[in-house]
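Colleague: Below are the chains, spelled out letter by letter.
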Amino acid sequence: MGLALLVVIWLITFASTYFFAAKTWWLPAGAAVAAHGIDQQFANSYILMGIVFVAAQCSLGYVAWRYRDRAGAPSAAYSHGNTRLEIIWTTLTAILFIGMNLVGSPIWAAERFEPAQSAALPVEVTGMQFAWYFRYAGPDGKFGPTSPKLMDPSSGNEAAIGLDTSDPASKDDVVTGTMFLPVNRQIDLTLRAVDVIHSFFVPSLRFKQDAVPGLAIHMHFTPNQIGDYEIACAELCGLGHYKMHGMVKVVSPEDFDKWLAAREAEKQ
Amino acid sequence: MATSEVVHAHAAPQGFVRKYIFSLDHKVIGIQYFFLALTAVWVGMILSLLMRIHLIWPSAVLPLVGEIKPETYLGLLTMHGTIMVFFVLTTAPQGGFGNYFLPIQIGAPDMAFPVLNMLSFWTTFVAFVVMLAAFFVTGGAPLHGWTGYAPLSAVPSTGPGEGLGADLWITSIAIFCAASLMGALNFLTTTLDMRAKGMSLFRMPLTVWSWFITAILGLLAFGVLLSAGILLLMDRNLGTSFYVPLVVVNGQVMGHKGGSPLLWQHLFWFFGHPEVYIAILPGMGVTSQVLSTFARKPIFGYRAMVYAMLAIGFLGFMVWGHHMFMSGMSPYSAFAFSLLTMAIGVPSAIKTFNWIGTLWHGKIRFYTPMLFAIGFVSLFVSGGLSGPFLAQPTLDIQLHDTYFVVGHFHLIMGVAAIFGIFAATYYWVPKMFGRMMNETLGKIHFWFTLIGAYAIFMPMHYLGMAGHPRRYSQLTEVAYLHRLLPVQQFMTYAAFITIGAQLIFVVNLFWTIFKGPKAVDNPWEATTLEWTTATPPPHDNFAGHTPVVYHSAYEYSVPGAPKDFIMQNDPATTPAH
Numbered sequence: 001m002g003l004a005l006l007v008v009i010w011l012i013t014f015a016s017t018y019f020f021a022a023k024t025w026w027l028p029a030g031a032a033v034a035a036h037g038i039d040q041q042f043a044n045s046y047i048l049m050g051i052v053f054v055a056a057q058c059s060l061g062y063v064a065w066r067y068r069d070r071a072g073a074p075s076a077a078y079s080h081g082n083t084r085l086e087i088i089w090t091t092l093t094a095i096l097f098i099g100m101n102l103v104g105s106p107i108w109a110a111e112r113f114e115p116a117q118s119a120a121l122p123v124e125v126t127g128m129q130f131a132w133y134f135r136y137a138g139p140d141g142k143f144g145p146t147s148p149k150l151m152d153p154s155s156g157n158e159a160a161i162g163l164d165t166s167d168p169a170s171k172d173d174v175v176t177g178t179m180f181l182p183v184n185r186q187i188d189l190t191l192r193a194v195d196v197i198h199s200f201f202v203p204s205l206r207f208k209q210d211a212v213p214g215l216a217i218h219m220h221f222t223p224n225q226i227g228d229y230e231i232a233c234a235e236l237c238g239l240g241h242y243k244m245h246g247m248v249k250v251v252s253p254e255d256f257d258k259w260l261a262a263r264e265a266e267k268q
Numbered sequence: 269m270a271t272s273e274v275v276h277a278h279a280a281p282q283g284f285v286r287k288y289i290f291s292l293d294h295k296v297i298g299i300q301y302f303f304l305a306l307t308a309v310w311v312g313m314i315l316s317l318l319m320r321i322h323l324i325w326p327s328a329v330l331p332l333v334g335e336i337k338p339e340t341y342l343g344l345l346t347m348h349g350t351i352m353v354f355f356v357l358t359t360a361p362q363g364g365f366g367n368y369f370l371p372i373q374i375g376a377p378d379m380a381f382p383v384l385n386m387l388s389f390w391t392t393f394v395a396f397v398v399m400l401a402a403f404f405v406t407g408g409a410p411l412h413g414w415t416g417y418a419p420l421s422a423v424p425s426t427g428p429g430e431g432l433g434a435d436l437w438i439t440s441i442a443i444f445c446a447a448s449l450m451g452a453l454n455f456l457t458t459t460l461d462m463r464a465k466g467m468s469l470f471r472m473p474l475t476v477w478s479w480f481i482t483a484i485l486g487l488l489a490f491g492v493l494l495s496a497g498i499l500l501l502m503d504r505n506l507g508t509s510f511y512v513p514l515v516v517v518n519g520q521v522m523g524h525k526g527g528s529p530l531l532w533q534h535l536f537w538f539f540g541h542p543e544v545y546i547a548i549l550p551g552m553g554v555t556s557q558v559l560s561t562f563a564r565k566p567i568f569g570y571r572a573m574v575y576a577m578l579a580i581g582f583l584g585f586m587v588w589g590h591h592m593f594m595s596g597m598s599p600y601s602a603f604a605f606s607l608l609t610m611a612i613g614v615p616s617a618i619k620t621f622n623w624i625g626t627l628w629h630g631k632i633r634f635y636t637p638m639l640f641a642i643g644f645v646s647l648f649v650s651g652g653l654s655g656p657f658l659a660q661p662t663l664d665i666q667l668h669d670t671y672f673v674v675g676h677f678h679l680i681m682g683v684a685a686i687f688g689i690f691a692a693t694y695y696w697v698p699k700m701f702g703r704m705m706n707e708t709l710g711k712i713h714f715w716f717t718l719i720g721a722y723a724i725f726m727p728m729h730y731l732g733m734a735g736h737p738r739r740y741s742q743l744t745e746v747a748y749l750h751r752l753l754p755v756q757q758f759m760t761y762a763a764f765i766t767i768g769a770q771l772i773f774v775v776n777l778f779w780t781i782f783k784g785p786k787a788v789d790n791p792w793e794a795t796t797l798e799w800t801t802a803t804p805p806p807h808d809n810f811a812g813h814t815p816v817v818y819h820s821a822y823e824y825s826v827p828g829a830p831k832d833f834i835m836q837n838d839p840a841t842t843p844a845h
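The listed protein sequences correspond, in order, to chains A and B. Take the first sequence: its position 214, counted from the start at 1, is 214 in the numbering used here, and no numbers get skipped. Take the second sequence: its position 374, counted from the start at 1, is 642 in the numbering used here, and no numbers get skipped.
To be clear, the hints were calculated from the coordinates, so they are not data collected in a lab. In this text, all values refer to a predicted model and were calculated from it rather than measured experimentally. C-beta atoms are modelled at their ideal positions from N, C-alpha and C, and glycine is treated no differently. Please note: incorrect hints may appear among the correct ones.
[Unchecked claim] Quick list of simulated restraints, FRET-style, between CB atoms: (1) A/17 / B/314: 25 to 35 angstroms; (2) B/334 / A/139: 53 to 63 angstroms; (3) A/117 / B/328: 49 to 59 angstroms.
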């Protein structure tokens, strides 16, 4: 039975580790500036925890087999422990865990402690059951006011977010269901939700943030690869949660300007 | 036999109802909790199987259940989580085994407040009935998940199941909280006041320590959830706005304004994180007890084990924010919550090292309870080591609310805790029912469950890394999820086999209770007080006597002793310390 435990625990350990190490299902390729740091911290954590995982499981399997009760086995050692060992492994694990935390913290700080740069492109994201809308301020650089009373989800876009079109600042606001972003420019996001909590998750851009009713949450990120990236809602928001899906299209700055100009023209 | 002091004996109750239904005997109440949890775990498992079927065969029409729609899936998900967390993981280890064995292990004739104990069980039972009722009302079970985030849980028009179903759900939880508060008070008083002569705190078995610390956590945590739940009921029914700001649902402006959705999350997780330890601490206690018994060795670092549990319980109250890194909470507080969460890794590692240290140079007997205890250690390591990923806000940008989290908490607070319950069952059923469980069936059950649990929950980590959000009823709408379907299929097949193997356990349990071979008083040659009394124990546990304790809890293989174990109440053998 001891041998069976050793074999099974070791096999489970190696099989689990294989699929991590072989990167069979790994993080999708990163397409934003933050991806490098996050992926590096993930890899570091993975290596450290992987070593601890394999070492702990292998020792467990080994001691189960090595100290099994069998003919001729010596009686068990009479020991209540070893204070020096306790101090050593407590210190080592404290250094390991706290160290991991400290190494990873600057990445978090860069993502969330700093406000967006003044040159960043402001985009407002609004989540509602079960769609995302994206608003661009237009040439005046100002988002027009919205009103809950004007919200009409069935009409989509401007009407869905309740844009008050009578206000001059709203005239040039563009609202879309697909997010267009220029590559290599920081995006200054404002996240809102009108009904329940949603979460704006774009795995390839290494971006996730809840959109919460009653709050306007400010975030920033910088896409650095042209391409199409899927948005998946990551906070349970109701029966359509699984299909609260959207697209981010990261394009060249010229294509972005052209697209925005075309949308402005449509509005006139 | 050991000496003991004569005490006043209480008369045993007469009549079926007083003896088995409204019993004041902590042993009967423990068994009642145990069977309540056994019923609940089958409900919870079948719900999870229906979810897994829907994930890979979305259009399947099932007998009795019919077609599973996305909202049905979320109802199953909410009820699976809630039933498992409250009525299994909180009920079996603490209410069941804690109730039965805490008084016996400290040498007491009963709990401090027997009537409160009975009330606590029957209140839990009512909570369970109210919870199940949510399935049968208009709209069905709520779809807001076991965490019930507002406004989804607070505004009835946000989806089917958010009407009466959600009211029943939160009412059930509130009733459960009240029951758990009564239980916690009883456990604390009993441990502090009713220990036998010689049973100093540091001679208590680690199981008693684990139930004691769990009771402290319960006392502090359930009160908060109870209050939070009442506020939620008021938001839902009385028009208050604790958790709901001005919201527009389906184009309709709701009557709320000024509330904070994050307030619910803070209150919920202030309970929710300690709840994780409420589920797992008794498993740690049982694992320590069983490893020491079957390795024939004193527990390695007994005091370190106690301090580690205290540290886990203490730190457990200061880390709730790690569930909220993506919630819109201040990013600065994430830094503190992250550091404190990482700190919990330290006492957790101490426990793991000490368990392996207990096996080191032991003489291991592989009975079924020992296999489950070793399985617990393996699962605790596997489930624990994904914790430091999730404790880092940087990595949660990718991992939060994905299957990585689902895999993490199922391995550690789900399956590891269940392995603790199985270890306890195989270990104590001989004492509880006076009959030995079948070892062959027990071992078959163990192998299927160990391999099956890893096969179901380890792949969830890969899904999470690939960006698979949790609580998705289908993978069809998001293109990058399509390639992950084979992994989901594999997990569903594994779930079928693993859940099927649990029938082996049920057959073994009921066969044992009615037909199993008679158990002797101390079949495992263990040292703690429950093994000094008759099997099953008499009404007042020690037949009119109170044991006197001379030894610490795990005196195995003492050099020079006549046998390889010294029972705690054995006055003849000179203690080594």
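Colleague: Need the list of violated hint numbers for this structure, in ascending order.
Modeller: Failing hints: none at all.
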